[in-house]
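K.L.:
Sequence:
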Amino acid sequence: MLIAVLSLLALISGVLHIRAEYFGPQKQIYLFKPLTMVCIILMALSINPPISDTYKIIILIGLLFSIGGDIFLMLPQDRFILGLVSFLIAHIFYIVAFAVEGDMPIVLWIAIPLLIFGGGMLAILMPSLGEMKVPVIVYMLVILTMGWMAIGRWLATEQVGSFLAAAGATLFMISDATLAYNRFKKAFHLAELIILGTYFAAQWLIALSIMR
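Residue numbers (the numbering used here): 149 to 360.
Quick caveat, the hints were computed from the structure, so don't treat them as lab data. Quantities reported herein were computed from a predicted structural model and do not represent experimental measurements. A virtual CB, placed ideally from N, CA and C, is assigned to each residue, including glycine. Misleading hints may appear alongside valid ones.
[Unchecked claim] Computed Cβ-Cβ distance ranges for the label pairs, DEER-style:
(1) Arg227 <-> Ala339: 16 to 24 Å
(2) Thr305 <-> Asp201: 15 to 23 Å
(3) Ala335 <-> Arg167: 16 to 24 Å
[Said to hold, decoys possible] Straight-line Cα separation of at most 30 Å, DSSO-like style, residue types lysine-lysine; simulated pairs:
(4) Lys334 <-> Lys175
(5) Lys333 <-> Lys175
(6) Lys333 <-> Lys281
Just need the whole structure built from these sequences, with the hints factored in.
P.N.:
Laid out in structure tokens, this is it:
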């Protein structure tokens, strides 16, 4: 019941944040973006019993770094690099969580479509990246690895939790790809809806994957 209540609160807060991104006021952006993640973190904390205590702790650390990234990205000053580093660390913790939860064979073929997707994004973005080329390439490799580990774990285990994590990782990649295109290539009106909608859903699914 508590998980359902916190999920509903996260949904309401996320919708209010997206609305504020388009219509304001600015103070609601500062309120509802971290509040949405706080609801998701509280939901993750309330899951008991977890698939494993180690998995739960590592995912929670990743969620905490994510909320740090959210704060950096929504500040009036440009703190994009700090936000990028915070999310990069969050993805590393997610990778570790997906890797340590049981024996999992490496499914190499999954890397092929992910690398094609990443290569396509780089081809589109590269002329516009300037001095951000190296940070963006490093970040892209990390998030693609996160997606690879999550999808591979699901195919290897066929567990509900691993499916939720794989779905979350996939949405995270879509969110970040849209953010990169909107920031570095061409801004478009629906960008915030796609970026934030897939981002909040991704974090909720990854947090929910703690369930046994």
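K.L.:
Each of the hints needs a verdict: does it hold here or not?
P.N.:
Checked hints:
1. Checking the proposed 16 to 24 Å range against Arg227 and Ala339 shows it holds: the Cβ atoms sit about 19 Å from each other.
2. Checked against the hint of 15 to 23 Å, the pair Thr305 and Asp201 passes, with Cβ atoms roughly 18 Å apart.
3. Restraint check, Ala335 to Arg167: a C-beta distance of roughly 19 Å satisfies the suggested window 16 to 24 Å.
4. Distance check on the hinted pair: Lys334 and Lys175 sit about 26 Å apart at the alpha-carbon level, within 30 Å; holds.
5. Annotation: proposed proximity of Lys333 to Lys175 holds, straight-line Cα distance about 28 Å (limit 30 Å).
6. A threshold of 30 Å between alpha carbons decides the hint, and for Lys333 with Lys281 the separation of about 13 Å falls inside it, so the pair holds.
Checked against the numbered hints listed earlier, the structure breaks none of them; every hint is satisfied.
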